[in-house]
Amino acid sequence: MEFRTFVFYFLSTILVLAGVRVITSRNPVHAALFLVLAFFTASGIWMLLQAEFLAIALVLIYVGAVMVLFLFVVMMLDINLDRLREGFWSYLPLGSIIALLMVAEMGLVLGGNYLGLMESSLPQTSVGDSNVQAVGRLMFTDYVYPFELASIILLVGIVAAVALTQRGKRKNKAVDPSQQVFVKAKDRYRVLQMPAEKRD
Amino acid sequence: MTLAELQFQIPDLRLASAEIFMLLMACLILMLDLLVKDRKRTLTFVATQLTLVGAAVVTFATSSGEVAYTFSNMYVGDLMADLLKLLLYLTVIVVLFYSRGYIVEREQMARGEYYSLALFATLGMMVMISANHLVTVYIGLELLSLSLYAMVAMNRDSVPATEAAMKYFVLGALASGLLLYGMSMIYGAAGTLEITAIAERLYLGQVDRGILVFGLVFLVSGLAFKLGVVPFHMWIPDVYHGAPTAVTLFIATAPKLAAFAMVIRLLVNGLIVVSQDWQTMLIMLSVLSMAIGNIAAIAQTNLKRMLAYSAISHMGFMLLGMVTGVVGGDARFALNAYSSSMFYVITYVLTSAGTFGMILLLARNGFESEEIDDFKGLNKRSPWFAAVMMMMMFSMAGVPFFVGFFAKFSVLQAVVAAGYLWLAIVAVAFSLIGCFYYLRVVKIMYFDQPASMTPIAAPLDMKILMSANGLAVALLGIFPQALMSLCAFSLLRSL
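Protein sequence lines, in the order shown, are assigned to chains A and B.
The first sequence maps to residues 177 to 376 in this note's numbering.
The second sequence maps to residues 506 to 1000 in this note's numbering.
Just so you know, the hints here were simulated from the structure itself, not pulled from any lab data.
A quick note: this is a predicted structure, and the numbers were derived from the prediction, not measured.
Don't be surprised by glycine CBs; every beta carbon is placed ideally from N, CA and C.
Treat the hints loosely; a few may be bogus.
Sample of chain A residues at the chain B side, in silico, Cβ under 8 angstroms [stated by the list, open to error]: (1) THR317; (2) TYR321; (3) ILE328; (4) GLY333; (5) ALA336; (6) LEU340.
When you get a sec, could you build the whole thing from the sequences and use the hints?
Structure below.
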């Protein structure tokens, strides 16, 4: 088997297994960690295709931003801090295994130069172009229609989020001076007539 | 770097001017609404309706009747797209008129965002109708779905609505996943995402059939979910029932037109060469939908839920026309079959708008009027609207000389012409079962005693529109030929 094929199958197996564990593990932190692994492996596969921009974007956006946010939310949900700290040692083995796997994957893909990975033939975009340039060029020429529409989807997301969460103006307790000067005595207090209660 | 170096042709924006107009106006209305102080949002409402009318004018003015591509072949403009878009605007206009009273009475929904989301959903459907690229189909679908999820959830304090939105969202995301997986497999097999190019390569035999059919299974599953046919129908009853009736009306009408266009674009325009494979899948979906839809509807006491099951069975019936296009490699009947499906879906949308509109007509603040029992003795409260509702029910059941009858008739004609006699018999048998629950509504309206004699307090414009809707169902039943030949002509010029 060619080395590139081996790396592909290696990464794919981990990707599928991680995906399965995301939905089967009962612990939300475990699930989130496996999702990180899945993203990382997917970016490895992209790297294998020499789509380095997409690979880096996936890691930066999904692993760096989305999943960290996700882990924060999971943390916020669990208010019991002691229980969270208790978990540290039990999470450590799994966490370190995932970290080691990622390091190994990075080594496999980035170290491809020394292992003869680059000699294999791959669909070349165009001569001398960087990946970013190729993606950018396509996005603003051939794919401009879906690209613009994707931005509308984001706009709809914003509109929907505002429509579903905004609850009107917050009630302000500050006093309006212009109304305050017009206040009359009878607005300030009221005399109530109350029948006297008898004592038995 | 100049454009010439990029080897890029500037797209012909004129062709897509309706979409551009709709997008600009939707964004403008979003900002215009900030200035509106009126709680009823009359200005936003009027602006939205004018936008839809304007889009219709633009579509009509730019329609050339020729098949033309732009945006690097991602967008296709043809007569079928123009006709479906015009009907789409009309549907949305009618839907917004019907839902006006319902929305104004409910504080959570009486907001400008409702109208903006409706326009964005319309834009998504327009994109789907004119798509010639798998990415465009998907993006249009997501634009539509995301707007709909938000509209379902808009009534935040209602637990059923939130539940419906959640179910719709999760299942919709799953279906999008299936569709995307199918699309990526087809890309893997054909090496292109452009629908006409896929068809070309299939025709030349440059495609790995094994992978293609594997992707096709997922593609059909995704389509089946969006159409809401068995076994991908689970979301329909819950969403129709749980969503605010105004939104149910929206979901039950306009997206059906877009879903039909999506089926035509993906399966007929793109994958007609493997029609043998997808026709078999559609036959199974169709028979199951007619069976489960019609039988489960009998057991319902909630009118919205009953109509949801009826929608499942109608979509199954519509698919019958799609399965009879190509018989043993012979595409002689294709035009007839697909235009009968198109006629079916258009008339279903018309009737469905009327029935859900009737629920809205009877609803008041704090009273949804969504149980079948709420229609008890409607004849005593308002003979005219009872008659309109009766026409809708007769049309849905397929009673002769209402439009639903001709829709069913033309589909069955196509099925028999293609030689699937057993399929026609099964379809008629399930339609007869379906008659029971439609006629039960009529019986309840005419022969039961009303629970209250409160007069119908709907605004005049809605009453007029509802009457027009009822008359359209009756008149199209007497003169179906014009619409039928319009469907056939538009497909002839497009396929």
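Hints, verified against the model:
1. THR317: Holds. Min distance 4 angstroms.
2. TYR321: holds (4 angstroms)
3. ILE328: holds (6 angstroms)
4. GLY333: holds (7 angstroms)
5. ALA336: Check passed: Cβ of A:ALA336 comes within 3 angstroms of chain B, closer than 8 angstroms.
6. LEU340: holds (6 angstroms)
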